[in-house]
Amino acid sequence: MSIPVPIEELALPQYDISSITYKPRIQLKGRISRSTIEELSRSKREPEWMLRLRLRSLELFEKLPTPNWLVGVEELDLEELTHYIQPDVERVSSWDQLPSEIRRVYEKLGLPEIEARVLSGLAAQFESENIYLSFKKFLEEKGVILMDMSEAVIKYPDLVKKYFMRVFPPSDHKFAALHGAVWSGGVFLYVPPGVRVEAPIEAFFFVASELEAQFEHTLIVADEGSFIHFIEGCAAPLFKKYSFHDGMVEIYAHRNSHVKFTTVQNWSKNLINFNNKRAILEEGAVVEWAEGSLGSKVSYVYPSVILKGRGSRASIYNITLAKGKTWKDSGAKAYHLAPETSSEVVSKSISAQGGVAVYRGLVKMARGARNSKAAVKCDSLLLDTESKAYTYPKNEIEEDDALVVHEATTGRLSEDALFYAQSRGLTEDEARRLLVIGYVGDILKNLPFEYQVVFRRVLELEFEELGGYG
Amino acid sequence: MVELEVSNLYVKVEGREIIRGVSFHVGGGKITVIVGPNGSGKSSLLLSIMGHPRYTVTQGKILLNGEDISSLKPHERARKGIFLAFQNPPELPGVNILSFLTEAASKLGRPSDIGAVYASLQAVGLPKEYSDRNVNEGFSGGEKKRLELAQAFMLDPSVVMLDEPDSGLDIEGLRMLSRLVRDLASRGKAVLLVSHNPKTLEYISPDKVLVLVSGRIALEGGIEVVRKIESEGFPVIAE
Numbered sequence: 000m001s002i003p004v005p006i007e008e009l010a011l012p013q014y015d016i017s018s019i020t021y022k023p024r025i026q027l028k029g030r031i032s033r034s035t036i037e038e039l040s041r042s043k044r045e046p047e048w049m050l051r052l053r054l055r056s057l058e059l060f061e062k063l064p065t066p067n068w069l070v071g072v073e074e075l076d077l078e079e080l081t082h083y084i085q086p087d088v089e090r091v092s093s094w095d096q097l098p099s100e101i102r103r104v105y106e107k108l109g110l111p112e113i114e115a116r117v118l119s120g121l122a123a124q125f126e127s128e129n130i131y132l133s134f135k136k137f138l139e140e141k142g143v144i145l146m147d148m149s150e151a152v153i154k155y156p157d158l159v160k161k162y163f164m165r166v167f168p169p170s171d172h173k174f175a176a177l178h179g180a181v182w183s184g185g186v187f188l189y190v191p192p193g194v195r196v197e198a199p200i201e202a203f204f205f206v207a208s209e210l211e212a213q214f215e216h217t218l219i220v221a222d223e224g225s226f227i228h229f230i231e232g233c234a235a236p237l238f239k240k241y242s243f244h245d246g247m248v249e250i251y252a253h254r255n256s257h258v259k260f261t262t263v264q265n266w267s268k269n270l271i272n273f274n275n276k277r278a279i280l281e282e283g284a285v286v287e288w289a290e291g292s293l294g295s296k297v298s299y300v301y302p303s304v305i306l307k308g309r310g311s312r313a314s315i316y317n318i319t320l321a322k323g324k325t326w327k328d329s330g331a332k333a334y335h336l337a338p339e340t341s342s343e344v345v346s347k348s349i350s351a352q353g354g355v356a357v358y359r360g361l362v363k364m365a366r367g368a369r370n371s372k373a374a375v376k377c378d379s380l381l382l383d384t385e386s387k388a389y390t391y392p393k394n395e396i397e398e399d400d401a402l403v404v405h406e407a408t409t410g411r412l413s414e415d416a417l418f419y420a421q422s423r424g425l426t427e428d429e430a431r432r433l434l435v436i437g438y439v440g441d442i443l444k445n446l447p448f449e450y451q452v453v454f455r456r457v458l459e460l461e462f463e464e465l466g467g468y469g
Numbered sequence: 000m001v002e003l004e005v006s007n008l009y010v011k012v013e014g015r016e017i018i019r020g021v022s023f024h025v026g027g028g029k030i031t032v033i034v035g036p037n038g039s040g041k042s043s044l045l046l047s048i049m050g051h052p053r054y055t056v057t058q059g060k061i062l063l064n065g066e067d068i069s070s071l072k073p074h075e076r077a078r079k080g081i082f083l084a085f086q087n088p089p090e091l092p093g094v095n096i097l098s099f100l101t102e103a104a105s106k107l108g109r110p111s112d113i114g115a116v117y118a119s120l121q122a123v124g125l126p127k128e129y130s131d132r133n134v135n136e137g138f139s140g141g142e143k144k145r146l147e148l149a150q151a152f153m154l155d156p157s158v159v160m161l162d163e164p165d166s167g168l169d170i171e172g173l174r175m176l177s178r179l180v181r182d183l184a185s186r187g188k189a190v191l192l193v194s195h196n197p198k199t200l201e202y203i204s205p206d207k208v209l210v211l212v213s214g215r216i217a218l219e220g221g222i223e224v225v226r227k228i229e230s231e232g233f234p235v236i237a238e
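Those protein sequences? They're chains A and B, same order as listed.
Residue numbering for the first sequence is 0 to 469, as defined by numbering that gives the first Met the number 0.
Residue numbering for the second sequence is 0 to 238, as defined by numbering that gives the first Met the number 0.
Isolated chain A (complex conformation):
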């Protein structure tokens, strides 16, 4: 039985953090050239294979066309961005060791408290590098590796090389290639066979400058029969000029492993966000993506699964808030390549004040995916007449006995339900907020309690700003 959410009891993220300036140690700006990449790789003391991967990605980036269906990225000018910012801060494993100016940012975001209450590990990235990384000793003793991605490239080259950009190759599209060329930061997580990490591990990404580009890379390898819940959080202060994010998450779920990956994306309202997320599932593996896309100005995110092993299962849950002049393009892709695989996609969008929410999805049942099933449900909630929602589902079915179900609804809040809540003493705004949070309630209830609180609070704050809808 759930209990009423004691919102006031938890230090909640403050998303009104003003600009923070901290002197960088190294910065790479302007046009991305071979020499930029070489300098970046050299500064990270990377092995030759990683430099080659970066240079090959750069070639692909230069060759691949910009997708012609992208909307809202007209102002994106890669030449005016800073692609790598190494803050002049040593990585630490205790909050006290961070410079107070930076520590205060994370305290305002509530991270130290959430870490103490919920997490078994936390990595905090500031600009392009992790400046804080800590995780429980007993997990280290069980062989779990949680490490800064660059450090893992050096320390575990064979393990990393086996998976790095093999799940999501740079050739996939132009911005995957860009990521491959200039990636920095992010974490490597390896969970050994049979190890269950019950308390989640979180990586938190903070963009601290305008015209900054962040390209963190998260790679999770869950070995046979293991379990892990990974959470990523994102925040950025509101700057006068835009910032850019082109991150990547790769998950390799070995036989009978189970990976949950939850994103609480609350970038500032002038950040352009591309996020490349894909998982490969071996036999009997389970992957659950939960994507909360609350912030950013423009967002393109489609968590994907490749169901490669017999009996593998995946779910992809999205909550998308498109408020104000925003374009939120989100969706899911499920490639069923093996028999008896199943996928479930539930997408819920909320459009308000002229916001546009788009669902773009693909279900592919390849030849050989016998007795497989996929269910896609996308609901769009429009809170006024200026806002819009579009749905572009695509099904490719090559196996006769595959079952694919697609449901889509677009609607407004029920006037009867609004009146009902008001008749119990809630103001019109409170009633709307209650119903909107209820609308995404089925997805929220799958999250750890503390993150439900964060989600609810962010939505509530958005609604406080909005006031009544017309």
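Any given hint could be a false lead.
As the list claims (entries may be wrong) - Pulled from the structure, derived: some chain A residues nowhere near chain B, Cβ distances all over 10 angstroms: (1) Q26; (2) T35; (3) R44; (4) M49; (5) R55; (6) P66; (7) L75; (8) S119; (9) A198; (10) R423.
Unchecked claim - Calculated cross-link-like contacts (lysine-lysine; reagent style BS3-like; alpha-carbon spacing at most 25 angstroms): (11) A/K444 - B/K143; (12) A/K387 - A/K324; (13) B/K127 - A/K444.
Unchecked claim - Per the computed footprint, the stretches of chain B lying under chain A, defined by three or more beta-carbons under 8 angstroms from a beta-carbon of chain A, are: (14) 93–107; (15) 117–126; (16) 218–230.
For the record, the hints were derived by calculation from the structure and aren't laboratory data.
Ideal placement from N, C-alpha and C gives every residue a C-beta, glycine not left out.
Using the hints provided, position chain B relative to the given structure of chain A.
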């Protein structure tokens, strides 16, 4: 003691006049019943008193303890102690009973802890585990009615309007309803009840019966009016 007075009330919905010059008053500790044929305006009258935005008061007053509340918003009326148990309560998808009732109770300054929710559910024969279910989602007709009564119990209003609370209730439910209505009146609440069930009305034994026909009060009296309707029907009354 609370007093609700409706004075010469005219109400329009979508340009059509549906309440035409209705006047009555309900005092604290008293039970007033409204009966009438389908479409006579019974539910519309209760929704108008609750402040539904689709219903426009074009003339007359709704007075609560002498104050005209006819221009107040629904939540303001609720906070002044008016409650409506809906004839067809809507579903609130994703909103569970516990969070809904605790939020409503806190807005009205009533005890809003989990124990209060359990007590109100149990008072109407619903298991306390229902607190985890979404409001009215997947509920039978009878369960919806019980949940409405549970809210009346928890939110402790001074004016309780019940719109056909007995439809869909089983025999145990009808007994519980009758007990609850009498209990509300004995605790000084003003009760306004719409019902078609003569047995419920006999058991409740109302202080006053109003017969509403075509938006007007056609007849007013005691329980004998119900007996008259039962034997003669509404058309005779209307004449």
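Violated hints, by number in ascending order, as checked against the structure: 10, 15, 16
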